[in-house]
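Peer 1: Listed below are the residues making up each chain.
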Amino acid sequence: MNKRVGIPQALFYHRYSPAWKAFFTELDCKVVESGQSNKEVIDAGVKLAPDEACLPVKLFLGHVKKLQNQVDYLFIPRVVSIENKEYICPKFMGLPDMVRYSINDLPPIIDTTIDLKTKKSNLVKSVLEVGEVLDKGYWQVSKACWKGWRALKKHRERLREAKDDDAQYKIAILGHEYIIYDSHISMNLVEKLKEMGVEVVTPEMLTPQAMRVGLSNLSKDMFWTLGKKMMGAAHYFFSNQEIDGIIQLTAFGCGPDSLVGEMIEREAKKRDGQAFMTLNLDEHTGEAGLVTRLEAFVDMIQWEGV
Amino acid sequence: MKGYMGVDVGSVSTNIAIINEEQEVIEKLYLRTEGQPIKAIKKGLMEIKDRVDCEISGVGTTGSARQLAGVIIGADTVKNEITAHAVAASTVVPGVQTVLEIGGQDSKIIVLRDGVVVDFGMNTVCAAGTGSFLDQQASRLNISIEEFGGLALQANAPVRIAGRCSVFAESDMIHKQQLGHNVEDIIAGLSEALVKNYLNNVAQGKEILGPIVFQGGVAANEGIKVAFEEELGLEVVVPEYYDVMGAIGSAVLAQEAVNEKGRTDFKGFNTTDFNYHASSFECEGCPNSCEVINIHQGDEVIARWGSKCPKWEAV
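From first to last, the protein sequence lines stand for chains A and B. Under this note's numbering, the final residue of the first sequence carries the number 791; numbering is consecutive throughout. Under this note's numbering, the final residue of the second sequence carries the number 512; numbering is consecutive throughout.
Calculated from the structure, these hints are not laboratory results. Hints may contain errors.
[Claimed, not checked] Derived pair list, reagent style DSS-like, types lysine-lysine, alpha-carbon separation capped at 27 angstroms:
hint, chain 1, residue 1, chain 2, residue 2
1, B, K505, A, K677
2, B, K403, A, K655
3, B, K505, A, K532
4, A, K648, A, K628
5, B, K458, B, K505
6, A, K754, B, K393
7, A, K713, B, K393
8, A, K679, B, K458
9, A, K655, B, K505
10, A, K604, A, K713
11, A, K605, A, K705
12, A, K621, A, K488
13, B, K508, A, K524
14, A, K679, B, K508
15, A, K648, A, K515
16, B, K505, A, K648
17, A, K677, B, K508
18, B, K236, B, K464
19, A, K679, B, K505
20, B, K236, B, K225
21, A, K524, B, K505
22, B, K393, B, K373
23, B, K393, A, K755
24, B, K199, B, K508
25, B, K458, A, K677
26, B, K239, B, K225
27, A, K570, A, K604
28, B, K458, A, K755
29, A, K639, A, K628
30, A, K754, B, K403
31, A, K705, A, K755
Take the sequences, apply the hints, and build the full model.
Peer 2: Printed below as a string of structure tokens:
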């Protein structure tokens, strides 16, 4: 029987899921996803998580809990770095440990370390490690890895191609993909904007070239990959005349966000012509408050356009 | 004569304003919502009906119960309160550059330049309840809310009070009172604390330029107005109809909407003859457990909201 590998549908799932799914499928595994976040998942996460965990980590724990009795393995990589000389938020590094100590009686966790800080080829070591756990040979793992990479590339291309020609306005959303693309914590923000006749652009939709253009505005290199990406995207959006407004989504309890968010906000203040708003989300955020702010934001853009 | 009606149903007050075609206010009404928005809307409509003898050509609703009010009255436009307040301020005080609005539950700042909103801010959860907090404190001190603000002006040495959180503010106030400070100084201290908190929280990083308009229920509080002026070093204007500005803005928006549509959806004042009530249930279709609300007119369900998916959308 095929082994069932569970992938919690949170955090980096929203960035790498096409690759992960293709990879494990190629290794003759049955991928089990935890499904979209919902109230039950978030409530479970809040109960399990240590006090100081940020909202996305709390949510992650909820997803793990949901998969607990449905799978043979849980895939929770220890992501240290995904770019040369850069780091990911420390909570990602400690994620497998945090999960182990918060939830009892878990199936074995595949917690391969992914550390590409010194060289990208370290990834080979990581995927072979996964292969070892699942008892798969070198060639099969290499092929799976390649398939995963292809799937991810295709997924990103599709994201970039998405366009809405009927939309009246274009609004960029700045924020981690695990917030923007989680329709429960973002309270369906993207859909809500679409219903208001707005085309939504996210940092994921930017081409590497666009990102480089944005990053060239930074006065100093930043060593947090996620923060850097946000800054780069922000600068690109600032200089893009087609973008009518920018909404920054931050998660309650996110350390890097509190700093990077502030830096972006200050930068936004220096510029005219684009509306800017920050929304901080937590598990108590009321939908009515969000709708009021969104409506007012779109009104503001509309009003300026008249 | 033609009139346009704006209805602002907030957490603490329900306000109605009627304007004529020149956008002048011909009638206004300020009622307490008392936790029962449907009742307040009906009561407000019945009262205002007897006061005006003009034909209502358009209706707009705003405030946190704008949707509810919209279906009961038959609104031509249902707008968020930020937009409504901005529209009202720029109608009443042309050239306004900053709007400070403090209501019962929410407070906001709206920045306008050349008659156009360019930025706004709203309280996070923590700064909420400014108006209702003042209400609470007034009743704790057994002072009517109308006199409350005026007392601050008689203070000689305002005390320092932590305004960051209303729970701490209250314990600070009690502490000072037990030490023997007089009520005037405590109230003045509270006004200063609330203003500082507003400026650091809601208005954080916003460019505040004159003319400044201060509106919303709390603008009745003379002490807060003066505290704003002292803190900002600028004159703060409280417009004549400060307490119903949301309703005025909503009426102006209704006029625009009707001009565009060419008709009104207003159900008429007879809408108060019907019996409206709400019922709610928890949907068990998925783990989201949405709390769905039905709005009934008589036996008929006329609107429904609260669900995350379209399952309950059809009425």
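Peer 1: Are the Cα atoms of K505 (chain B) and K648 (chain A) separated by 27 angstroms or less?
Peer 2: Between K505 (chain B) and K648 (chain A) the Cα gap is close to 25 angstroms, so the pair holds against 27 angstroms.
Peer 1: Are the Cα atoms of K403 (chain B) and K655 (chain A) separated by 27 angstroms or less?
Peer 2: holds, 24 angstroms
Peer 1: Just to be careful, I want the Cα atoms of K393 (chain B) and K373 (chain B) compared with a cutoff of 27 angstroms; is the pair within it?
Peer 2: Given pair K393 (chain B), K373 (chain B) holds - Cα atoms ~19 angstroms apart, limit 27 angstroms.
Peer 1: Going straight from one Cα to the other, do K199 (chain B) and K508 (chain B) come out at no more than 27 angstroms?
Peer 2: Distance ~41 angstroms between K199 (chain B) and K508 (chain B) Cα, so the pair is violated.
Peer 1: Hint check: K524 (chain A) vs K505 (chain B), CA-CA at most 27 angstroms. Holds or violated?
Peer 2: Distance of about 11 angstroms is within 27 angstroms: holds.
Peer 1: Take the C-alpha atoms of K604 (chain A) and K713 (chain A), compute the straight-line distance between them, and say whether it is at most 27 angstroms.
Peer 2: Distance of about 19 angstroms is within 27 angstroms: holds.
Peer 1: Could you grab the alpha-carbon distance between K677 (chain A) and K508 (chain B) and see if it respects the 27 angstroms cut-off?
Peer 2: holds, 17 angstroms
Peer 1: For the pair supplied as a hint, K679 (chain A) and K505 (chain B), confirm whether the alpha-carbon distance does not exceed 27 angstroms.
Peer 2: Holds, because 16 angstroms separates the two Cα atoms, which is no more than 27 angstroms.
Peer 1: Quickly compare the C-alpha distance for K754 (chain A) and K393 (chain B) to 27 angstroms and report which way the hint goes.
Peer 2: Distance ~22 angstroms between K754 (chain A) and K393 (chain B) Cα, so the pair holds.
Peer 1: Tell me if the straight-line CA distance from K239 (chain B) to K225 (chain B) falls inside 27 angstroms.
Peer 2: holds, 15 angstroms
Peer 1: Does K648 (chain A) pair with K515 (chain A) here, judged by a C-alpha cut-off of 27 angstroms?
Peer 2: It is violated: about 33 angstroms lies between the C-alpha atoms, which goes past 27 angstroms.
Peer 1: CA of K705 (chain A) to CA of K755 (chain A), is that 27 angstroms or under?
Peer 2: holds, 18 angstroms
This entry does not satisfy hints 4, 5, 7, 15, 24, 28, going by the numbered hints stated previously.
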